[in-house]
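For reference, the chains in residue letters:
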Amino acid sequence: MSGRRIFTRPARSAAIAPYLWMLLFFLVPFGFVLKISLSQAAIAQPPYLPVFDLTQGVASIKAAFAALSSDNFRLLASDDLYVLSYLRSLVVALVSTSILLVIGYPIAYGMARLPKRWQGIAMMLVIVPFWTSFLIRIYAWINILQHDGLLNKILLALHLVSAPVVWLSTDSAMYLGIVYSYLPFMILPLYATLSKMEPALLEAASDLGATPLQAFWRVTFPLSLPGVGAGVLLCFIPIVGEFVIPDLLAGSNSMMIGQTLWLEFFANKDWPVASAAAVVLLMLLVGPLVLYDRLQRRQLENAR
Amino acid sequence: MTTRAVNQLSRFNAVSLALGFAFLYLPIVILVIYSFNASRLVTVWGGWSVRWYSEFFNDRAMLEAAWMSFRVAAASATIATLLGTLAAIALARGERFRGRTLFSGMLYAPLVMPEVITGLSLLLLFVALNVERGFWTVTIAHTTLTLCFVAVVVQSRLGSLDRSLEEAAMDLGCDPARAFVAVTLPLIVPAIAAGWMLAFTLSLDDLVIASFTTGPGSATLPIRIYSEVRLGVKPEINAICTLVIALIAVVIVVASLASKLSSARGESAALL
Numbered sequence: 017m018s019g020r021r022i023f024t025r026p027a028r029s030a031a032i033a034p035y036l037w038m039l040l041f042f043l044v045p046f047g048f049v050l051k052i053s054l055s056q057a058a059i060a061q062p063p064y065l066p067v068f069d070l071t072q073g074v075a076s077i078k079a080a081f082a083a084l085s086s087d088n089f090r091l092l093a094s095d096d097l098y099v100l101s102y103l104r105s106l107v108v109a110l111v112s113t114s115i116l117l118v119i120g121y122p123i124a125y126g127m128a129r130l131p132k133r134w135q136g137i138a139m140m141l142v143i144v145p146f147w148t149s150f151l152i153r154i155y156a157w158i159n160i161l162q163h164d165g166l167l168n169k170i171l172l173a174l175h176l177v178s179a180p181v182v183w184l185s186t187d188s189a190m191y192l193g194i195v196y197s198y199l200p201f202m203i204l205p206l207y208a209t210l211s212k213m214e215p216a217l218l219e220a221a222s223d224l225g226a227t228p229l230q231a232f233w234r235v236t237f238p239l240s241l242p243g244v245g246a247g248v249l250l251c252f253i254p255i256v257g258e259f260v261i262p263d264l265l266a267g268s269n270s271m272m273i274g275q276t277l278w279l280e281f282f283a284n285k286d287w288p289v290a291s292a293a294a295v296v297l298l299m300l301l302v303g304p305l306v307l308y309d310r311l312q313r314r315q316l317e318n319a320r
Numbered sequence: 023m024t025t026r027a028v029n030q031l032s033r034f035n036a037v038s039l040a041l042g043f044a045f046l047y048l049p050i051v052i053l054v055i056y057s058f059n060a061s062r063l064v065t066v067w068g069g070w071s072v073r074w075y076s077e078f079f080n081d082r083a084m085l086e087a088a089w090m091s092f093r094v095a096a097a098s099a100t101i102a103t104l105l106g107t108l109a110a111i112a113l114a115r116g117e118r119f120r121g122r123t124l125f126s127g128m129l130y131a132p133l134v135m136p137e138v139i140t141g142l143s144l145l146l147l148f149v150a151l152n153v154e155r156g157f158w159t160v161t162i163a164h165t166t167l168t169l170c171f172v173a174v175v176v177q178s179r180l181g182s183l184d185r186s187l188e189e190a191a192m193d194l195g196c197d198p199a200r201a202f203v204a205v206t207l208p209l210i211v212p213a214i215a216a217g218w219m220l221a222f223t224l225s226l227d228d229l230v231i232a233s234f235t236t237g238p239g240s241a242t243l244p245i246r247i248y249s250e251v252r253l254g255v256k257p258e259i260n261a262i263c264t265l266v267i268a269l270i271a272v273v274i275v276v277a278s279l280a281s282k283l284s285s286a287r288g289e290s291a292a293l294l
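Protein chains in written order, with our numbering: chain G, 17 to 320; chain C, 23 to 294.
Any given hint might turn out to be false.
Pairwise CB distance ranges, derived in the manner of DEER restraints [to be verified]:
| no. | chain 1 | residue 1 | chain 2 | residue 2 | range |
| --- | --- | --- | --- | --- | --- |
| 1 | C | Ser32 | G | Leu141 | 14 to 22 Å |
| 2 | G | Pro304 | C | Ala268 | 16 to 24 Å |
| 3 | G | Gly245 | C | Val153 | 38 to 46 Å |
| 4 | G | Gln230 | C | Gly254 | 46 to 54 Å |
| 5 | C | Arg73 | G | Gln135 | 41 to 49 Å |
| 6 | C | Tyr47 | G | His175 | 49 to 57 Å |
| 7 | G | Ser178 | C | Trp89 | 44 to 52 Å |
Calculated directly from the structure, the hints in this document are not laboratory data. In this text, all values refer to a predicted model and were calculated from it rather than measured experimentally. For glycine and all other residues, C-beta sits at the position ideal for the given N, C-alpha and C.
Please construct the entire structure, taking both the sequences and the accompanying hints into account.
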């Protein structure tokens, strides 16, 4: 026992390198996002006015603080384009997370009830798409959904439709793409909690007269809530900022905030507005992120 | 009877599993089949052919992008595995230390952080530091993202280990650091290997962060694929995607063999 405590010192010093790395490349960059979101756009390289210039001493810092402007944020709040794209991002994330939960739960539940030696294979089958490229999997759907793609051919052959249906560039295609891409993220945490559940609990419930459905709602589901929470956050947070899927599958009439940010940055070269959009997006996500951090920490550190 | 009914796979379970896995795999299977289509029209079947593969091997820009992606993935996965393993050791064995909450927060947040934010913030850092953007900036960006995944994989493995082995080694006269290196480290090697492979494939896949942090003239494979896909479906892209899938499949088989090897030694596999 005492030896265990002695090793904590070298173990702690192992933190130094990754700690410094994450400070420099994860935390500090947010400072730059904040700084540039308060700056003004300029036709220059880089395309913004410097907020402060350390080479010119204290006076310039004072002047710089006076010049800080919340113009970009005011623009975000007043322009319908931004307000709508924030709202749309939240709605899309909410709807797709709900669909994911409804589809993912039965799959995870089925996996947890497989014989033990099949469970490993089933888990592998869920993980493999997670390892396969996002972009490639979306591209696979474009193949299927395009005007003369497989889906329309099948529908026409079965006489379910009389003319090819437009699938690409619609919201349904986008939701399909999101659900497809994020399904493993929903299934894995759900499976993790469901597979640990004691089967004796369900037997007890049924001995006490519960029907299988009652046993599910009053025993299984409440006990799986930590997995539900993890799955929901694991999907919701990145979907809010999703770029690739709406860009390739949804129509161009309404955009999610990830697309707006991308457009401001790459097409309009307005770095300050893009940064301000990122700051607002981050503020929207702080709550869910803190929740996720707590769940993750509890899961990893109480596992011992 | 009731007991059996409760614990058995019901028809509902079986159907949802079958539909779920079909949903996950059918699109990929269709993509692979179409990559061998001889017809230039992607949707018309013109017989089996490998012409789109030879097209790819003659496409210099695409090959250069693939080579760039491969180098970035190998370099960033290696650095990320080193840093991520150190982070996992500190979290699993360091007990409480100052700044631990911030540390674990910084490691877990990138797992879910929208990529547009991570990409934009890193770019602004690189611009402020006035570094030339290209291979190294993308490598650093990918390392930052993937080291967090490595840390989680290795940490969960460390957490599931029986510590009495290490304590036994210490009772037999090993000092704690040596006990860790001699007993625990070999046991977590499969998790470290799996972490490296996960980092490698994540880097190979990334479009958004690479788009922000790369410079002119050094596009990665996903960046090239993306710009082609925006113009529509092309049979050559089907072939490239199939090659990437094949590469990743090899990586996964190696990773699962590594963890099989370790479970043969009486451990449970912790791939993710």
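Verification of the supplied hints:
For the pair serine 32(C) and leucine 141(G), the supplied restraint of 14 to 22 Å holds, since their beta-carbon distance comes to about 20 Å. Here the CB-CB span from proline 304(G) to alanine 268(C) is close to 37 Å, at odds with the stated 16 to 24 Å. Checking the proposed 38 to 46 Å range against glycine 245(G) and valine 153(C) shows it holds: the Cβ atoms sit about 40 Å from each other. Taking 46 to 54 Å as the suggested C-beta distance range, the pair glutamine 230(G) and glycine 254(C) conforms, at roughly 53 Å.
Restraint check, arginine 73(C) to glutamine 135(G): a C-beta distance of roughly 42 Å satisfies the suggested window 41 to 49 Å. Checking the proposed 49 to 57 Å range against tyrosine 47(C) and histidine 175(G) shows it is violated: the Cβ atoms sit about 27 Å from each other. At roughly 49 Å, the beta-carbon separation of serine 178(G) and tryptophan 89(C) lies within the given 44 to 52 Å, and the hint holds.
Taken one by one, the earlier hints fail for this structure at numbers 2 and 6, listed in ascending order.
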